[in-house]
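Make the full structure from the sequences, and use the hints.
Number of protein chains: 2
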Amino acid sequence: MLAAAREIETLFGEDAVSYDEDDIENHGFSDWSSVNSSTRAVAVVYPRSTDDVVKVAEICHKLRVPIVPYGAGSSVEGNFSSPYSGIVIDVTHMDNILSFHPEDMDVVVQPGVNWVDLNKEMEKEKLFLPLDPSPTATVGGMVSTNCSGTNAFRYGTMKDWVTNVTVVLADGQVIKTRQRPRKTSAGYNLTSLFVGAEGTLGIITEITLKLAVVPSETSVAVVTFPTIFSAASAASRIIRSGIQLAAMELMDEVQMQIINRHGSEQVRKRNWDETPSLFLKFSSHSKEGIQSDICRVKELIERESTKFVFAKTKDDEAKLWAARKEALWTMTSIKPEGHAIWSTDVAVPISQLAEIIELSKKDGERLGVFTSIVGHVGDGNFHEALMYDPKDPAQSDAVKDAVRMMITRALEMEGTVSGEHAIGMGKKQYLMNELGPGTIELMKQLKTAVDPRWIMNPGKIFDLPNGSVIRT
Amino acid sequence: MLAAAREIETLFGEDAVSYDEDDIENHGFSDWSSVNSSTRAVAVVYPRSTDDVVKVAEICHKLRVPIVPYGAGSSVEGNFSSPYSGIVIDVTHMDNILSFHPEDMDVVVQPGVNWVDLNKEMEKEKLFLPLDPSPTATVGGMVSTNCSGTNAFRYGTMKDWVTNVTVVLADGQVIKTRQRPRKTSAGYNLTSLFVGAEGTLGIITEITLKLAVVPSETSVAVVTFPTIFSAASAASRIIRSGIQLAAMELMDEVQMQIINRHGSEQVRKRNWDETPSLFLKFSSHSKEGIQSDICRVKELIERESTKFVFAKTKDDEAKLWAARKEALWTMTSIKPEGHAIWSTDVAVPISQLAEIIELSKKDGERLGVFTSIVGHVGDGNFHEALMYDPKDPAQSDAVKDAVRMMITRALEMEGTVSGEHAIGMGKKQYLMNELGPGTIELMKQLKTAVDPRWIMNPGKIFDLPNGSVIRT
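Chains A and B supply the protein sequences, listed in that same order. Note that UniProt numbering gives residue 391 to position 391 of the first sequence, counting from 1, and the numbers run on in steps of one. Note that UniProt numbering gives residue 139 to position 139 of the second sequence, counting from 1, and the numbers run on in steps of one.
Fair warning: there could be bad hints in the mix.
Same chains, same names: a pair is fine if it fits in one copy or spans any two.
[Claimed, not checked] No more than 16 Å apart at the CA atoms, straight line, and that leaves these computed lysine to aspartate or glutamate pairs for EDC-like: (1) Lys298 / Glu274; (2) Lys210 / Asp160; (3) Lys124 / Glu358; (4) Lys391 / Asp31; (5) Lys176 / Glu441; (6) Lys428 / Asp463; (7) Lys400 / Glu253; (8) Lys176 / Glu414; (9) Lys210 / Glu125; (10) Lys62 / Asp132; (11) Lys210 / Glu414; (12) Lys444 / Glu355; (13) Lys298 / Glu58; (14) Lys62 / Glu7; (15) Lys314 / Glu337; (16) Lys361 / Asp132; (17) Lys400 / Glu304; (18) Lys325 / Glu265.
Bear in mind the hints are in silico, worked out from the structure with no lab data behind them.
Have a look at this one:
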């Protein structure tokens, strides 16, 4: 492996390869990850172009050295761990917008582009990429985990916004999955195969992204409910009405308490009701559209809700939504020194969401684990954040049990073990439970066809086949 | 091959296998196809369940006999031809709705379900599958060609409405790509791999479809323009405004003439302006929403348009849209005995649409081919229908030239050779031009991994590898 790193260094120069221990550690371990491997890569490589990646792949392929792609490091399921060591490819320097076609509503970028920066550029033309994962996330990682976030209810997930990808395959060959039409039915949908493949089929070096029109009018409402069930029932009535909200988020009473006590000053002073709450984002191209949507929604859910507050000004709107935005941050801020947060998600058919949330909360209580819940309720997807002391074996076991039970229930409800965080190392066994050995075997056959030496991000999504020859 | 058919007959009984010449002909030849192979299958098999398909696959796999899936026979690129003979699997009897979950907004169906029938059932719960290909089409074929139609501008294409598929692989193994969550980022997106694969990777025997809410309010406007360019420029302004129309269709002056002269009585009597026209469909959940959209659109495109007519009643709405609906039918009705229509499509980045339409129309004129154009302008996708006498070599050549030029231009504009009809046999060479040998090779590697004997609908999308052993 070091031989591979040295060969890359010879080609690109010293600056392009790092052997620094801290650097390697930062590229192989994350506090945010549900799992971390104990192994680390031997070096981190910083390519600047598709050609650079080709050279790295050729060397690693020749020497059978694992390649682990790295974007912003914000994934949570060990997606960028190095369980078989190898070489990390960090795409930090591949952060250019290559071409922007506002009239076609698309943009071609390198994988290291941060989505917040991208949207600042796109705003000039009133366009945006309508995903909202971690603000640090870069497009390559967003593609590779099929990310989403609060906007998915209206705009779908990453797979819906990728027109084509350019990929360096394991042996260094470069392919492009499509040209640039927004619509096509020509041949296999390779784009969708690479989206969500977590770098196990190749390194994505260019992405053409579709863009959406920034809505000219937006507003926010916060609605409180006596129970999770009544909130979910209200959400269901909104969904079935056909009114197209921009987002529909659920926070449970625990998360509302945390917001009241530990939110930013402007958020705290509102003194939120500590009951399950729906955060609704409205968007439209006209003021009348927004007003009509807010009135209709209010009428629709009057029966279940206890309070309906909506933003009358832009300032109001930002302040209301801030409570939702601060959810993760407040949870982190109350974490005692040495404690950890296990943050994970599942998705189920929407009619099942209230039940799985209630049951998961009860599990948390019974097991004595501090648990808060935030849900993308319009997608049947929710996040559970569990706080625990990883040095306490009883607490660690309790958290693992709680997560296992949540996932097992999601599967019993015909759901999925990962709504928007992919599989990484953390959910491999669960994925097997979700899809069964036949479907996993088919995935592995595809993997073998594309990467016969299994050097691309090995040990993610599924285990290596028995008897694989990979350097460790 | 006959041995395979006999073995299937022994298992299922005589009624399940047809050797009737007419039956085989109807399953191997289509007037609507741009190409037809001269070879025919040896038999047509009519399975009734996934298990039946498994048995057929096992026998055909053992004996290395090609399997060609058949839905409604409405595809146009030779997608269900039998260039290597084999056995046709007709899914006519697999036409059950297996389970309907209105609260989850999804439905599980067999591949032989017709989408119009399905939507009649779904209407009870104010839900629908928002695709509109040929009214005869069945879900299996719609999935396999990644179909779309006029609704795609708002609702996307078939790939966006499939939650999971159950597939019988070449060796008879059954896999299911997902459970039933609307959102997931768990493992490879096998669903999207099978959508649009034209039956070359396996036979789809069950499909879970997402459903949309039927909009409570709809309306239609027809807007005329002096040129295709001004129509496209108006369309572009609407798209960039963010106003979400249900459909945006373009008909050229030739198609408008045909409508005036050969449309149904109710359509003819309106006396349409014979200039490029946009047919706009509006939909909303409120009357105010529709009114506001119509007013905004009218304002936006006033500069380019010469006339703006919108429906004031439901009856009006149906009559206006009828002209768009009758487009294909009127073209067929004026076809002289013995003449044929070559109907094909491409898609380009939306800014290029007006130019490619204008150039394609000029090609048609220059080559003396009667050509009409209907465009899904919101998707950068258009259809050209060319009328000719297939027995006249000069006319046949002219049509082939016109199609070739249209496709070549689409590729030069970074478009695709097929917007919504897939590749079949008709566009194999063009797909190679679109994607290049490396990408096609990757598709073939995937094909080989899943179907090593290449028995699944061979000769579609791409050619067989050199030296393939397949019975002919």
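Cross-check of the supplied hints:
1. Lys298 / Glu274: Classified as neither; 20 Å inside a copy, 47 Å across copies.
2. Lys210 / Asp160: both (8 Å within a copy, 15 Å between copies)
3. Lys124 / Glu358: neither (44 Å within a copy, 31 Å between copies)
4. Lys391 / Asp31: Intra 14 Å, inter 72 Å, cutoff 16 Å: intra-copy only.
5. Lys176 / Glu441: Between copies only: 12 Å across chains, 26 Å inside a chain, cut-off 16 Å.
6. Lys428 / Asp463: within (7 Å within a copy, 36 Å between copies)
7. Lys400 / Glu253: For lysine 400 and glutamate 253, neither the intra-copy (23 Å) nor the inter-copy (67 Å) Cα distance is at most 16 Å.
8. Lys176 / Glu414: between (34 Å within a copy, 12 Å between copies)
9. Lys210 / Glu125: within (13 Å within a copy, 33 Å between copies)
10. Lys62 / Asp132: Answer is neither; intra-copy 38 Å and inter-copy 50 Å both fail.
11. Lys210 / Glu414: between (31 Å within a copy, 14 Å between copies)
12. Lys444 / Glu355: Answer is neither; intra-copy 34 Å and inter-copy 45 Å both fail.
13. Lys298 / Glu58: neither (59 Å within a copy, 57 Å between copies)
14. Lys62 / Glu7: within (11 Å within a copy, 49 Å between copies)
15. Lys314 / Glu337: So lysine 314 and glutamate 337 fail the 16 Å test inside a copy (37 Å) and across (66 Å) alike.
16. Lys361 / Asp132: neither (26 Å within a copy, 43 Å between copies)
17. Lys400 / Glu304: neither (34 Å within a copy, 63 Å between copies)
18. Lys325 / Glu265: So lysine 325 and glutamate 265 pass the 16 Å test inside one copy only (14 Å; across, 59 Å).
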